[in-house]
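Visitor: Here is what each chain is made of, one letter per residue.
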Amino acid sequence: MSFASHYSYWATIVLMVLGLYILIARGNLIKKLVGLSIFQTSVYLLYIAPGKLIGGTAPIIAEQFRIYSNPLPHVLILTAIVVGVATLALGLALVVRIYEAYGSIEEDEIIDRDRKAGQDA
Amino acid sequence: MLKSASLAFFLFVFWLLLSGIYEPFLIGAGVFSSVLVVWIARRMELVDAEGHPAHLGWGALTYWPWLIREIVVSALAVTRIILDPKLPISPTLVRFRPRQKTTVGLVTHANSITLTPGTISMEVAPGEFLVHALTREGAQAAADSEMDRRVERFEAGR
Amino acid sequence: MFTVAAIALLVTLALALLRGLLGPTVFDRAQVANTVGTIAVMLLAVFGFLFGRPEFLDLAIIYGLLNVIGTIAVLKFFRYGDLGEPGDGEAGR
Amino acid sequence: MRSQLVLRVIAKLLIPFMLLFALYVQFHGDFGPGGGFQAGVITAAAVIFYGLIYGLPAARRLVPDRFVESMIAGGVLLYGGVGVAGMLLGGNFLDYFVLAADPVHGQHRGILLVELGVLITVAGVMLKIFYVFAGRGRDPGGA
Amino acid sequence: MSPQAAILAALVLPVAGAAGILLARRRPNLREAVTLSCAAALFGCVLLLLPVVLAGGRPAVTLFQLLPGINFAFRVEPLGMLFALVASGLWIVNSLYSIGYMRANREHGQTRFYACFALALACTMGIAFASNLLTLFLFYEMLTLVTYPLVTHHQDDEARRGGRTYMIYLLGSSMALLLVAIISTWLGTGNVEFTPGGLLGNEFTNGEIGLLLALFVFGIGKAAVMPFHRWLPAAMVAPTPVSALLHAVAVVKAGVFTVLKVIVYVFGVERIAGLSSVDWLPFVAGFTIIAASVVALRSDNLKRRLAYSTISQLSYVVLAAAILAPLSVIGAALHIAAHAAGKITLFFAAGAIYTAAHKTQVSELDGIGRRMPLTMTAFAIGAISMIGLPPAAGFISKWYMLQGAVSGAHWNAVAVIALSTLLNAAYFLPIVYRAFFAKSAAGEAVHGEAPPLMVAALCITAAATVLLFFFPDVPLALARLMMAD
Amino acid sequence: MTMLIDVLSWICLAGGGLFCMVGAAGMLRMPDFYTRMHAASVIETLGVGLLLAGLMLQAGLTLVTVKLLVIGLLVMFASPTASHALARAAMVRGVEPLLERGEGASKP
Amino acid sequence: MISEHLPILQVVLPLLAAPLIVLFRHATLAWLLAAAASWCSFVIAVLLFFTVPAGGAFDYALGSWAAPWGIGYRIDSASAYVLVLVSLIASVVVTYARTSIAAEVDRDSHYLFYAMFVLCLGGLLGIAATNDAFNLFVFLEISSLSSYVLIAIGRNRRALHAAFQYLIMGTIGATFYVIGVGLLYLMTGTLNMADMAERLAQVGETRPVLSALAFITVGLSLKIALFPLHFWLPNAYASAPSVVSAFLAGTATKVSVYVLMRFLFSVFGARLSLDALHLFDVLVGLSIAATVAASLVALFQDDLKRMLAYSSVAQVGYITLGIALNNADGLTAAVIHLFNHGITKVALFMLVGGIVLRMGTTRFSDMAGLARRMPFTAFGFVVAGLSLIGVPASAGFVTKWYLVMAALERAHWWLAALVVATSLISALYVWRFVEMAYLREPAGEVRRAEAPLSLLIPAWIMVLACTYFGLETSYSLTGAQEAAAALVRGFR
Ligand code: NA
Ligand code: NA
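Line order of the protein sequences matches chains A, B, C, D, E, F and G. Okay, so the first sequence: first residue is 1 according to this note's numbering, each after it adds one. Okay, so the second sequence: first residue is 122 according to this note's numbering, each after it adds one. Okay, so the third sequence: first residue is 280 according to this note's numbering, each after it adds one. Okay, so the fourth sequence: first residue is 373 according to this note's numbering, each after it adds one. Okay, so the fifth sequence: first residue is 516 according to this note's numbering, each after it adds one. Okay, so the sixth sequence: first residue is 1001 according to this note's numbering, each after it adds one. Okay, so the seventh sequence: first residue is 1109 according to this note's numbering, each after it adds one.
Note that these hints are calculated values from the structure, not bench results. Honestly, I wouldn't trust all of these hints.
To give an idea of the interface, some chain G residues facing chain D are shown, with a C-beta separation under 10 Å as derived from the structure [stated by the list, open to error]:
#1 V1120
#2 A1126
#3 I1129
#4 L1137
#5 L1140
#6 A1144
#7 C1148
All of these numbers come straight from a predicted model, not from anything done at the bench. Heads up, the beta-carbon is just placed ideally off N, CA and C, and yes, glycines get one too.
Given the sequences, and given the hints that come with them, work out the whole structure.
Guide: Here's what the structure looks like:
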């Protein structure tokens, strides 16, 4: 596997690690979502990657549908993007409601407030 | 009403350019889409002199090539600055009075300034521009410029 | 040749992201986001040629549109903390 | 007013062409899948752009809240309805070939309708999201 | 009614009874009427099955598939028949007694008591009729659960402590040992059906059989073989009718019944007779007999003394079965019935004494026989049966056991039986002596017999103890059938 | 002829890539937010323009060229708008421009 | 013929009910629609379960494009088993939901609740029915996204943060899964799981295949809350509305387990997945850690729902243990535990819903004297608790039996002993409830306030099911055995 011919895999890995790092290292919920989105983006790159991996079998290509340029990766990426956007939107909506309920979007402060509430009750 | 018709026409041309497939169904769809969009645009109150400056006509055709040349020249200038190890910049804010009367003219001028590397319009109002320039020379050129005159001419539809 | 362009764009992307990491202001990052968006549009166009996928161009156009709107939305959010404000009331803030 | 000058003019220029581009993508969707999704995104983006520049109330006047929710539901139903229609006409679920006497024609019709469903849903979802965030704190009922 | 229907009826009747008791909770008379009629009906059902079994029939019912190859099924064989007869018969008497006791002592939660009691009988019927180890195990565990509210009836800290010991010992031993034993049996033979002559073929080695037997005997905690006996004294916190249930009707009887059934129908008497690895069992049983008797001898609390007596008596059954001589196994089966009748009499008497005189210690019983002649006469009969003297049922079973031991030349067992008989006499006869011949203490409160229902109940069981001596035909026939199977 | 177009297009593509990288380098080198914006605009003008031109030369007179043109127009209209909005927002929020000493207009 | 369309109707009915509910926006109508969709799904699932050919499968091509180009649906014994489980639980839960959410969810959100409920149901059913690895991802996300909404829909503010955590972990899990699928797609050029399996057999143990396996396994382990990737689950289940906890506890993790088994056994094949990567040791280790640690943590919880949630983590350990043992009995144990633990946990959470309704609390210390306040609820809890422990004659026992058999067959005596030992821990935490409910004196005056029948009846149906399926195992067990066989057999 030469570096040049597989840059999309390397990009996938870099984005994955970067996203996961942000996700774990940051206590800010918005930043976590940003990390999550970067992490998800790695998938798009993977599916863009054309052709086949060394050692793989030849892809199955439809004879009778040659009029379409192989539409599958396109559809897959789109679908993955839809899922990503939906997740992000839902996450943001949750953050908004968390902010309304706790007055903070820092994870440790939220946990702290829950603990205090638990002691009072 | 005339503006609506004109907008519909431009939209339809845009459709034909994009589509490239000239079969009855898609052309019909193009007509339908153009009309639909005009209807929505009217509901949005977008169809006016600002939103559809069709009256400018030929002015645009003479202004744009000049602007492109301008962009290339200043882009090269900025490139030289970036690549210069000493980074010879002299950032400057300059305030001046543009000659344009209409909003379309003002916006065209402002965007042209921003589009040209080395200058950014920061404040845009009738009778007052505030521009940030990468170099002192750039600031002077913006304040008393060829661009101002050309946009004025373009605005008048000449 | 498209590969060269693609690599140049990826290098640009990396440099821009580095600026994004360095910051320091939120506006620097917004600027980076905008630039990254532009680069992504070009990458999509170049990839379209590289992989023989003309439909990537449509994606590029869409991405370009969204990029502008996204930038404006972000700016608006940072200025007003709210997206729904009709911009007229700026003076008060 | 004065502060929005550039944005307002550019928005006025762009929005009609955005909407038309959306419809172009929609109608050319069957020559490459996913048209409806992109068209929906662009449609919603145009309205959101409008809302950003002209304010949320203007956008809400143009596309009311209830209408947005109905869009989401209606789009999905249209999609599913086409699928069920395929089934009722003797094919499998989402079988387009049976939607018209001529299979190719039927397929075009099916894809077009399905993509229309996708357009409506996607646009509705994006608008819903925009309304939720933009209307936060001002109009509790909207969220 | 077909035998199959009778089996199902025997299982369902007590459950329906429990439901009826709950429904009638606001009207005590109706509630007790439900209990009694249900007990009578159950006994009737079991009696219906008796001629079938005596005639060699083995009626069976299969309900569900518990696991592939293991069904939730019932099959009536002579030993189960005997157990079911004893339990269902004694339920009637016990109910009479309970009514007297609970009302006289103004116990709370009577509805719960009667309902749980009925459910316990349902479980007992399930144990008696179960056709395989797993079905039996299910009812065995359920019996523990439904008797728990009975044991903790008083709902005070002492009751809870006793109840906890009860649960931990019974559930712990069955889960950790009995279940393992059942699984091992399944793994070894692929079968858990009770089979005449035993279901073990040659899958297990000598050592493994010894281990398996240990898992079974100690896993069946209800048989109270030492050191798994602690729960029984702990459960003495319960009201007396519950003690009667535990000691005579259901719980411990279910334990020894299961031991006996496992030895006869799982291991097979002939299969394991002479195996070196099972030799330890008579010693453990013998030790339990002697040790429990010694503890009983040292207990001043009457119910505690009775409890240790039970531990000791149960191990008779285990010992007799462990000798593996046919005659002694018959004796073991008989002893289930004999001990049941005798021990329930003793507990009834203890409860009557508590109800009438509020006395719980042996040392307080001086001269009580003159105030409660019927009760103490019945007590004397029960004691005689425990010791194993004629004319009480205990004599018959002990006779068979001794015969078996002698014929098998198990002199150790003979010695244990002899010694324990002496010990039994040593801790029972003084009570009888004190009751009838000692002078009561000064300032003794004036009291008579316990309420008539209680007295009637203990008279019936005492009579039954004597009658079983003169007419042991049915139990004997069933026990012989078991060995002939 | 095709040869010439190819060479031209390659020059455009290479140049576009080069200007993109230069712009990005500028974004790193420049000392404050506003000067960095100037560097970024090199990417959005010459970089993008040359790349698009190179691609258009490859595509010839086809639909693809039209779409590339649309992209170009979009960038032409939209990116200065976004940049302007960005600069103004930064100014309103008080991001001080680094100015040459002794110079500068009165602050708004 | 409608019958040949059952595989797609199974999925599409609930998915189409969701937009209808949104369109009408009426709480009662929404409930009726959701109930109708759930019940129809259940009927369809049962029909499929009883008609799926032994050793075969129903294939259904979406839009009549044959696999591998179109998306195919494939119902074999394993998928049918999961379909029945999910739709059964959904139809009981939806019946129960009406009264329960009235207490825990604002009335304005009721229609949203039902829309998300049927959406989640459709997603879960789709996961089981589809034969396309990417389509499966889409369904996974449909069900996940709707479950995030369901968790956050109540009034408890902790649920918001819990839903957020779940969203993060769930998305990471799904993304890992889809990365794995992407690698497989690059290797084999197909997304159809049957073709994938066939081609993977030719490709063998290459590095991309192994990394795909790793990605998919880790991603799904997150979704099933396998220890130590479980920490999102207790928070989510404890703070969600009870009806949501009940539904998700019974279905969501179970379906993910099904997917994991599908990939490990049918797509990769046990030889590759369990032997090549030494997954056995890893899975056994994690399973033991899950059962022991989570059971112990459950023992010390002060919140009834949280205790049940940790117990779910522990029970997942039994399932993965069965998978790791990888013999007929172990797989049977894993599959049947999906069902047994599903109905048990649903019963328990539904009963807790009644407690929340009447007492407004789930804290252990407030349960004193519960048996007198709510006798049927308390007793039901004990009966279902017995199934949780795995007492004989309860559904849970069947699992333990097969696990022990599987462990013994592999000659791991210590594993068998461990299964029994961990059951004792669960006995302890069920006992804690018994002691609180039955043996502690309640503080203050005790008023009899049993849960309403609309909650009690569905809950007790599940409670009785816990016992029934412990006594009569012919359907659940035979189904599980066939499902396990179908998983191992794969797509041949
Ligand atoms: Na500029
Ligand atoms: Na399937």
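Visitor: Compare the structure with each hint and give your call.
Guide: To see whether the hints hold, each was checked on the structure:
no., hint, in the structure
1, V1120, "6 Å, holds"
2, A1126, "7 Å, holds"
3, I1129, "8 Å, holds"
4, L1137, "13 Å, violated"
5, L1140, "16 Å, violated"
6, A1144, "16 Å, violated"
7, C1148, "14 Å, violated"
Violated hints, listed in ascending order, are 4, 5, 6, 7; each of the other numbered hints is respected by the structure.
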